[in-house]
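Here the protein sequences come in this chain order: A and B.
In this text, residue positions in the first sequence follow the numbering used here: the first is 1193, and each later residue adds one.
In this text, residue positions in the second sequence follow the numbering used here: the first is 1193, and each later residue adds one.
Quick caveat, the hints were computed from the structure, so don't treat them as lab data.
Only true hints are included.
One-sided and incomplete, this derived list gives chain A residues near chain B with beta-carbon spacing under 8 Å:
#, residue
1, 1227
2, 1282
3, 1301
4, 1305
5, 1317
6, 1327
7, 1344
Now the stretches of chain B that chain A is said to cover, found in silico as 3 or more residues with beta-carbon under 8 Å:
#, region
8, 1217 to 1226
9, 1275 to 1288
10, 1294 to 1307
11, 1312 to 1326
12, 1351 to 1362
If you want the ones that stay clear, here's a sample from chain B, every Cβ over 12 Å from chain A, calculated:
#, residue
13, 1207
14, 1420
15, 1432
16, 1442
17, 1481
18, 1486
Even for Gly, the Cβ is constructed at its ideal location relative to N, Cα and C.
There are 2 protein chains.
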Amino acid sequence: MQTEASLQDQLHDFCGVFNDHLRALAPHGPSQRLNDAIAYALEGGGKRLRPFLTMVIARHHGAHESTMMAAGLALELIHTYSLIHDDLPAMDDDDLRRGRPTLHRQFDEATAILAGDAMQSMAFSVLANEPTADPSMRMKMVAELSRASGPEGICAGQDLDLAGLSNARNHQDVLAIAKHKTAAMFRASCILGGLAAGLAGPILDQYGAFGESLGILFQLRDDMLDETGDEEKMGKKAGKDRDAGKATIWSVDDSLSSRDVLDLAHRETLALIGQIDNKPPLLQTVCEFVMARSH
Amino acid sequence: MQTEASLQDQLHDFCGVFNDHLRALAPHGPSQRLNDAIAYALEGGGKRLRPFLTMVIARHHGAHESTMMAAGLALELIHTYSLIHDDLPAMDDDDLRRGRPTLHRQFDEATAILAGDAMQSMAFSVLANEPTADPSMRMKMVAELSRASGPEGICAGQDLDLAGLSNARNHQDVLAIAKHKTAAMFRASCILGGLAAGLAGPILDQYGAFGESLGILFQLRDDMLDETGDEEKMGKKAGKDRDAGKATIWSVDDSLSSRDVLDLAHRETLALIGQIDNKPPLLQTVCEFVMARSH
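Using the sequences and the hints given, assemble the complete structure.
Next up, the structure:
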């Protein structure tokens, strides 16, 4: 099994190439302000864990590099737009994102809403126009991504998250929010990786189940970092979720300790990896990386 | 040529069927508040002119009814989401839409943003999952719709519109805003109608050019109604755009009168209809309807 250090190297190399492709998507539409806002968002950095997962799975199964990249770009566009909207004053009201002013602070609120809207369109445009994927593959990717980003995916997750402790009473409720808010996109990242390589049938479901479980683990770890993390490393204020009355495994009363819930999710993710026959060895390293991450 | 009265009847009949299909898209996701907000938006009525155009063209060229309906629903989902976001306090700050409280007044701002976001996903989901269209047709429709709704389509148009008179000095500038804000979706409506019937090549471009011209005419007429219209019929306050400093052919200084600009757009639309060989006779009636509409 590969070490976490080699994963960091691979993730770093991937980000170099991926970020170039992402920046190249900056639009040249008639509104300079909107173009600038989208370019600002595309240059914002981030771990790129979702497209990395897509790439790891797609490459292991022999996908075309360009198909894989299109899938990763579409996922990251959706993820980035969702963060822009989550940061808005009407939602989480955040001033900082990845150490820079949030889009509505750097530009204005209307432009942040429109930039997010436009980036969602761009995600589907990237998939629909990818010449190395046959139309049937492109359509499956659009269907999967639209499901993850719609009213049963991240939009529902964010709405449940905003309702916070008024909606969530125990760790099951917290996991249900994480499933939609975060895990839906991790699930889609893994499935799009498989689709990009032409996979179908049970192995796609297995990758999907792994992605969902990893996404839940990622969110639980995120909540833990919000409680205990290093503000400088995270590029955002610690304790903000708790102060905002968000439901996390640290804020709900439950028979299980927060650490128990995290360990359960960790074991479940490893078990799901174990069920996949022909898989990239890196999956387990990614899981340990998510479990151990400090920002 | 058919009369405007018979067009009204056909539009009315179409709306009956179309609205049933639209309502059936109300989601059943895990957030009841989000489900309710989307259902509220889908029940809001409206002229349904965009999907009607799709249907008129698609049916004339022998499209499958279900393909045509999917295209129309996707267009209306994008249109409806864009209105929800345009109405937000950070944008046009409207309290009324089609005679009812706007979504953020009826629910709250965060839910209105998320409902709009989710409806954009739903539009692409409807196209990607339409079983009567082959994958290649679905993909072309997704590509066209994402172009119309992205940073070179309605998002740019709305951003230019918000910049208003600081950006627009004459009627050419006003037409450029209308082209993106409104005409991009009319263009897509016509092209999706053609795609649903399997059309390709020059006739698609001709339908696209007609749609764009009709959309500009529609927007100019909308601006005129804002100046002079009947508040009760429109379901919104008159003079609001002018008060908000929006750029319209009524608000810019220009060598051409507002009426001249409108008449030019009208004649251009009719000329573009004239260039299409095998076309539904109803197109001209739709053009006259747009020119004459009072709300």
